[in-house]
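Number of protein chains: 2
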Amino acid sequence: MESKQVEPNPYAKNCGSRQVIDRIGDRWSVLIVLTLADGVKRYSELAQRIEGVSQKMLTQTLRGLERDGLVTRTPHATVPPRVDYALTDLGRSLLGLVSGLEAWATSHLGDVEAARARYDAREGRHGSAA
Amino acid sequence: MESKQVEPNPYAKNCGSRQVIDRIGDRWSVLIVLTLADGVKRYSELAQRIEGVSQKMLTQTLRGLERDGLVTRTPHATVPPRVDYALTDLGRSLLGLVSGLEAWATSHLGDVEAARARYDAREGRHGSAA
Numbered sequence: 001m002e003s004k005q006v007e008p009n010p011y012a013k014n015c016g017s018r019q020v021i022d023r024i025g026d027r028w029s030v031l032i033v034l035t036l037a038d039g040v041k042r043y044s045e046l047a048q049r050i051e052g053v054s055q056k057m058l059t060q061t062l063r064g065l066e067r068d069g070l071v072t073r074t075p076h077a078t079v080p081p082r083v084d085y086a087l088t089d090l091g092r093s094l095l096g097l098v099s100g101l102e103a104w105a106t107s108h109l110g111d112v113e114a115a116r117a118r119y120d121a122r123e124g125r126h127g128s129a130a
Numbered sequence: 001m002e003s004k005q006v007e008p009n010p011y012a013k014n015c016g017s018r019q020v021i022d023r024i025g026d027r028w029s030v031l032i033v034l035t036l037a038d039g040v041k042r043y044s045e046l047a048q049r050i051e052g053v054s055q056k057m058l059t060q061t062l063r064g065l066e067r068d069g070l071v072t073r074t075p076h077a078t079v080p081p082r083v084d085y086a087l088t089d090l091g092r093s094l095l096g097l098v099s100g101l102e103a104w105a106t107s108h109l110g111d112v113e114a115a116r117a118r119y120d121a122r123e124g125r126h127g128s129a130a
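Those sequence lines, one after another, are chains A and B. Residue 87 in UniProt numbering is what sits at position 87 of the first sequence, and the numbering runs on without skipping anything. Residue 18 in UniProt numbering is what sits at position 18 of the second sequence, and the numbering runs on without skipping anything.
Each hint should be verified, as a subset may be incorrect.
As the list claims (entries may be wrong) - Some chain A residues close to chain B (C-beta under 8 Å, calculated; not the full set): (1) 69; (2) 97; (3) 108; (4) 111.
As the list claims (entries may be wrong) - Distance ranges between label pairs, derived from CB positions: (5) B/82 x A/38: 48 to 56 Å; (6) A/44 x B/78: 57 to 65 Å; (7) B/124 x A/119: 16 to 24 Å; (8) B/79 x A/73: 24 to 32 Å; (9) A/56 x B/122: 46 to 54 Å; (10) B/74 x A/110: 19 to 27 Å.
To be clear, the hints were calculated from the coordinates, so they are not data collected in a lab. Every value quoted in this text rests on a predicted model; they were computed, and no experiment measured them. Ideal Cβ placement from N, Cα and C applies to all residues, glycine included.
Isolated chain A (complex conformation) (with noise of 0.2 Å):
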């Protein structure tokens, strides 16, 4: 009601823009909108796709995922129940952003993984022991 359209802006303090990066940026998200990327999946298939995710932040990415408009949760009345998940259009725009994380951080693991070595010696070496 009382919300003036000015231009987003995630420089600005209480902008939303900043939780949507959140949102798109977090490891779970990227994984999941991945996953989904070829197609429908059951909960039980995101779940063994993506190792050691708990169920608590499966299910909790998830519904923040539909929430914002980006998955579609459609359960089944089957027995046992089946609940399936999908990119809605919106998911879909994410893709090559999503994709490009996950091919950064793959190929730069290594280059990460050195700075942070190089990192931690240094500062060993200087830093307080605290």
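Please build the complex by placing chain B on the supplied structure of chain A, with the hints as guidance.
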């Protein structure tokens, strides 16, 4: 030492690339990297540009970016002391991605907020009141 070099794979439970995704997709990392895109900045300039970031989060994120080899930190022995931050080549290689994240977040904020309003109206009607 005992790092058998397997291909980084963020779907695997203990792969460090998951942490790298979180690092580069985090709101503060994105805003810092973008702010440094046009050159060296002082700590105080970053704090001013990125409205509402706490000193704790800014310091912590800068330290993480430095440790991961994305940003350099250069203290100057002036009075008052001055600390400059700049992107490394590795940090610069992120610019396309983080610009993309920012652009998606700002251009789709309206869609995301509309989806949330629909979700909340629906869940409020059907959902548990708990």
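Cut-off 8 Å, beta-carbon criterion: hint that residue 97 of chain A touches chain B: holds (5 Å)
Restraint check, 8 Å cut-off on beta carbons, for residue 111 of chain A near chain B: holds (5 Å)
C-beta pair residue 44 of chain A, residue 78 of chain B: status relative to the range 57 to 65 Å that was hinted: Since residue 44 of chain A and residue 78 of chain B have Cβ atoms about 60 Å apart, the given range 57 to 65 Å holds.
Residue 108 of chain A as an interface hint toward chain B, with CB separation required under 8 Å: This hint holds: residue 108 of chain A lies near chain B, its Cβ roughly 7 Å from the closest one there, short of 8 Å.
Whether the CB-CB distance between residue 74 of chain B and residue 110 of chain A falls inside 19 to 27 Å: holds (25 Å)
Beta-carbon spacing of residue 79 of chain B to residue 73 of chain A - inside the hinted bounds 24 to 32 Å or not: violated (59 Å)
Restraint outcome when residue 69 of chain A is required to lie within 8 Å of chain B by C-beta distance: It holds, given that the least Cβ distance between residue 69 of chain A and chain B is near 3 Å, below 8 Å.
Beta-carbon spacing of residue 82 of chain B to residue 38 of chain A - inside the hinted bounds 48 to 56 Å or not: Since the Cβ atoms of residue 82 of chain B and residue 38 of chain A sit about 51 Å apart, the hinted range of 48 to 56 Å holds.
CB-CB spacing for residue 119 of chain A and residue 124 of chain B relative to the 16 to 24 Å hint: violated (48 Å)
Residue 56 of chain A paired with residue 122 of chain B, Cβ distance criterion 46 to 54 Å: The hint (46 to 54 Å, Cβ to Cβ) is violated, given that residue 56 of chain A and residue 122 of chain B are roughly 23 Å apart.
When each numbered hint is compared with the structure, violations occur for hints 7, 8 and 9.
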